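Each protein sequence line maps, in turn, to chains A and B.
The first sequence lines up with residues 47 to 425 when you count with the working numbering.
The second sequence lines up with residues 151 to 222 when you count with the working numbering.
Any given hint might turn out to be false.
One side only, chain A facing chain B, incomplete, derived with CB under 7 Å [stated by the list, open to error]:
| # | residue |
| --- | --- |
| 1 | Glu129 |
| 2 | Arg199 |
| 3 | Asn203 |
| 4 | Arg269 |
Sample of chain B residues with no beta-carbon within 12 Å of chain A, all distances over it, derived [what the hints assert, rightly or not]:
| # | residue |
| --- | --- |
| 5 | Cys162 |
| 6 | His178 |
| 7 | Glu214 |
Derived by calculation from the structure, the hints in this document are not laboratory data.
Predicted model, so just to flag it, every value in this text is computed and none were measured.
Every residue, glycine too, gets a C-beta built ideally from N, C-alpha and C.
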Amino acid sequence: MFSNRNLLATRWGIILVGAAIGVLAPLLQKLGNPGNMGVCVACFERDIAGAIGLHRAAVVQYMRPEIIGFVLGSLVAAYLFKEFRAQSGSAPIARFVLGVFAMIGALVFLGCPWRAMLRLAGGDGNAILGLLGLAAGIWIGTLFFRTGYNLGRTQANHSSVGWLLPMIMVGFLALLIVYPQVEGQPQSGILFYSVEGPGSMHAPVLISLITGLVIGFLAQRSRFCTMGAFRDLILFRQSHLFMGVVALTVSAFLTNLILKQFHFGFAGQPVAHTMQLWNFAGMALAGLAFALAGGCPGRQLFLAGEGDGDAAVFVLGMIVGAGIAHNFGLASSPKGIGPHGMAAVIIGFAVCLVIGFTMRQKSVRQPLKEELTAATKTA
Amino acid sequence: MSATVDARGLSCPQPVLMTLDTLKTVDHGEIVILVDTDTSKENVIRAASSKGWQVRSVQPEGIEYRITVAKV
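Bound-form chain B, shown alone:
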């Protein structure tokens, strides 16, 4: 299963809350999280890693970031 979380324009703690809530509903697969600040990027990566998800890629897209996390 894969899902996308759009946390662009939202400030702490929303991006992390949305990411964690999505991780809870999905046991494995790939999740893409869109954020637009470096702080959100770091926070989302930290939160996903702490839940055992692997960060596959962090792609800058203009002023945004597309973070892909996965769990098999």
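Bound-form chain A, shown alone:
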């Protein structure tokens, strides 16, 4: 029955994948990526938004090869294991909006859930508030799930629909090759490159790309998801995905110790601020948006690589959201939150709550039962 059993989706498989990411990320940091940012899906998509000029924050512009690798690595794995399925049509516009606010929340905290773990593993105490916020946001999301929230069914679609986001990533890679970074120059052809700040810090292109491909491949097989980790624990008391997150944090901590990258403290941590309420609230907004959209930013990239056009729309929402966050002063910096960060978080919560309350099967008290009656036909 399980002749083609997926070993990476077993308990040890997910632990292995989490541990592998936990080793690779600090190594990328050692090779040049910013502090406690060996891998950060939100930050790196924000850097990509900067590289193509969707925002002009000069310190965060770089076409991050890791993100390209995540999508293409997942695409390769999905094809090799015959799991590529082009599908779309589950409320794409809602997913786009959730992507926008997920990014805004993440940039108020300064990191995606992966980076929250990596920050903790590097000794950044502010990440504790971010992780608590993440759990709180996901918990709110599970309340919606319990009362029948869902974005509707997706449908099988043309293969090329599933190929569009991977092809956009190939296009980004082509731009990176055609317009490579020129030492000390803020622009190369049509691409922007940071000459200082986090955007200027990066591992060699080929190493970043290969690491991204490896992580994308492993994560597609194992279904690694940091949002799902908390969600399944809260919703089902199931710790499967959570073990992957624990493995990531522990292995990143150990790798940081070995590489002498562990520095405990709150003030002066790399690309982090100490406004704890907003570390919490930013990540709570992001966590709620991830939960409502069904995956953390990394998972959305891997799903997009498998042909999920709805996840692809979420990814594009995040990239556009990064543009909005930096153009409108919503994103934080090491000095603290942006001038309009508070307003953005409040609006983001309002939008996510509207999505959560109105996109339910039925807005009554026991909708699950009714949904069940509809979906379950006694044979």
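Go by the hints and put chain B onto chain A.
Only chain B this time, still in chain A's reference frame:
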């Protein structure tokens, strides 16, 4: 008693939620769950097994899977 859960086209966590809710309403018998992604297939099998249900069969049907779980 037997029942069918149609979770095709739904993404995580819906297939698992629907499966678990059905398992709660049925003490024994056979339940068929229809899903259309490998992730949902794995998640549903994991959830049903953790509740003491036995996976009888997983049949691929085109791009979908028909999972049969049972408890005596």
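Hints, one by one, checked against the model:
1. This hint holds: Glu129 (chain A) has a C-beta 5 Å from the nearest C-beta of chain B, less than the 7 Å allowed.
2. Checking Arg199 (chain A) against chain B: minimum C-beta separation of about 3 Å stays under 7 Å; hint holds.
3. About 11 Å separates the beta-carbon of Asn203 (chain A) from the nearest beta-carbon of chain B, more than 7 Å, and the hint is not met.
4. For Arg269 (chain A), the interface hint holds, since its Cβ comes within 7 Å of a Cβ in chain B; the closest pair sits about 5 Å apart.
5. For Cys162 (chain B), the non-interface assignment is contradicted: its Cβ lies about 6 Å from the closest Cβ of chain A, within the 12 Å cut-off.
6. Every Cβ of chain A is farther than 12 Å from the Cβ of His178 (chain B); the closest lies at roughly 14 Å, confirming the non-interface assignment.
7. With a closest Cβ-Cβ approach of about 10 Å to chain A, Glu214 (chain B) is found to fall inside the 12 Å limit, against its non-interface label.
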